[in-house]
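Q: Each chain, letter by letter, is given below.
There are 2 protein chains.
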Amino acid sequence: MAAPPAGLLSINTATTRGRWGLAEAIEGCARHGIRGISPWRDLLHAMGVANAARAIRARGLTVTGLCRGGMFSARNARARKANIADNLRAIDEAHALEAQCLVLVVGGLAEGSKDIAGARAQVRDGIAAILPHAKAAGIPLAIEPLHPMYAADRACVNTLAQALDLCDALDRGRTGALGVAVDAYHVWWDPQLEAQIRRAGKRRLLAYHICDWLVPTTDLLLDRGMMGDGVIDLKRIRGWMMRAGYRGFHEVEIFSAKNWWQRDPDEVLAICKARYRRVT
Amino acid sequence: MAAPPAGLLSINTATTRGRWGLAEAIEGCARHGIRGISPWRDLLHAMGVANAARAIRARGLTVTGLCRGGMFSARNARARKANIADNLRAIDEAHALEAQCLVLVVGGLAEGSKDIAGARAQVRDGIAAILPHAKAAGIPLAIEPLHPMYAADRACVNTLAQALDLCDALDRGRTGALGVAVDAYHVWWDPQLEAQIRRAGKRRLLAYHICDWLVPTTDLLLDRGMMGDGVIDLKRIRGWMMRAGYRGFHEVEIFSAKNWWQRDPDEVLAICKARYRRVT
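These protein sequence lines map, in sequence, to chains A and Y.
So for the first sequence, the working numbering puts the first residue at 6; every next one is plus one.
So for the second sequence, the working numbering puts the first residue at 6; every next one is plus one.
I should point out that these hints are in silico values taken from the structure, not numbers from a laboratory.
None of these values were measured; they are calculated from a predicted model.
A few of these clues could be false.
Pairs involving identical chains hold if they fit within one copy or between any two copies, as the list cannot separate such chains.
[Said to hold, decoys possible] Below 25 Å or equal to it, Euclidean Cα-Cα: the simulated DSS-like pairs (lysine-lysine) are:
(1) K119 <-> K86
(2) K263 <-> K119
(3) K240 <-> K207
(4) K240 <-> K119
(5) K278 <-> K119
(6) K140 <-> K207
(7) K86 <-> K140
Next comes chain A alone, as it looks inside the complex (with noise of 0.2 Å):
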């Protein structure tokens, strides 16, 4: 298989995370030639969404998605409330930044709670909740299903075919405002994943996560592996996206406390560079 387009590679500010902020993501970015970035919004507001909007355009890097809106289950209405509130305030930032999706890692269980199916529901009506202003913003809602190891405590919806269905439930027409962010880290295992890929189409398909699997994992979350590195088939799981239609970005999320958050970030772009092009 061909190697993928050089100017679809995007970095998301995770993999540089501790070492770099906003500023020098961009800068980093636009230095080794990468087109596109994703920024984390913790970065966004230290560095400021004014500044961040103006250096972005500056260097004629798209943003690829904002991370993260979501978080929708909570133990009361006032704190559900103050989440779509803040749920508010990101698909603004990401207007702002004129991102192509927020990202939504949607929450996991409550706090206390045991009612899965309870924060599912908590979940769907979050997002019914901010899907009228995400279409005025004009910016897409990604729903990211999680690994079901995050099940708990990062996101109840764990399968693409789940987050598909929210997609049908609150946006039977297509419309292009709600879709999913395929992250090959959470879904490579799924035995559903080419059909659901297809299922999705290209207006449902709205960003492409890549990274790999590491064996063994020595950690729930930190513990990511450079592309190559693991076993995921990222050829394979690329080739499925495209034929469903998929034409963006494929943006690198390294979480890696052990191994790439202790290297210099030009390090790690420079590797992505080739890693991005030789196995994904």
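Following the hints, position chain Y against chain A.
A: Structure of chain Y alone, referenced to chain A:
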């Protein structure tokens, strides 16, 4: 919901690993009035199959499953053949123990492989290869879907739906020779869980394993929780099992290097009994 029948508690020897051999586990269960036991094969071999069968019979215990067969995926035909031979021995051992089933942990990716579809095909072929011997021995094979976080290195069957698709493919007639082991730890997150338990029905539901999912979970393999210490709604899942016709044992299987394996097994069994009655 009423407490489950005291007589249906079973202890998997993984719960007292490192502390008790099989002989001690048999005596321990008897001492605590626990009527079911599920041995791992390494402990069984250490005690000797005939000795174990005699002791288990003398104590009137039910072997709710033998752990484990499976591990079908491998790099080459020779290794796969050796795996099959080992599974045939496991079936004979299960027969000697009058076990209710042989639990199959099917294996992950072959070493160096990224081909999960290929591994899944090897698993299907492996089960097909041993099914006749299992039928002849009267030992039902229980495919255990493992949590997706084990897809690479332990089992590439990761949902109940996928396990039941295998059952349908290899045992169309629902003869009782092939079914599933439902372990709450592995499947609690699955949005399809209730529907798939219903689909399995009495004929396919061969075993039910319980423990709990801790938040946070600090190790992918060895940080399972005691029932009630985590977020799994065990009463709800038991209700689904019962409604689907399951009337078998409830087997406690806890891998816990830093907590439960450090304690006196008599204390662990007493707590298992209490929690079983109260929270499952």
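Q: Check K140 against K207 for me: Cα-Cα at most 25 Å, and say if that holds within a copy, between copies, both or neither.
A: This pair counts as within: shortest intra-copy Cα distance 18 Å, inter-copy 48 Å.
Q: Checking K240 and K119: alpha-carbon separation at most 25 Å within a copy, between copies, both or neither?
A: between (38 Å within a copy, 11 Å between copies)
Q: First find the shortest C-alpha distance between K86 and K140 inside one copy, then the shortest across copies, and answer within, between, both or neither for a cut-off of 25 Å.
A: Within one copy only: 19 Å inside a chain, 58 Å across chains, cut-off 25 Å.
Q: Checking K240 and K207: alpha-carbon separation at most 25 Å within a copy, between copies, both or neither?
A: within (18 Å within a copy, 41 Å between copies)
Q: Is it within, between, both or neither when you check K278 against K119 at 25 Å Cα-Cα?
A: Cα proximity of K278 and K119: across copies only (21 Å, versus 42 Å in one copy).
Q: Is the C-alpha distance from K119 to K86 at most 25 Å within one copy, between copies, in both cases, or in neither?
A: within (21 Å within a copy, 44 Å between copies)
Q: Cα distance capped at 25 Å. Does K263 pair with K119 within a copy, between copies, both, or neither?
A: between (32 Å within a copy, 24 Å between copies)
Checked against the numbered hints above, the structure breaks none of them.
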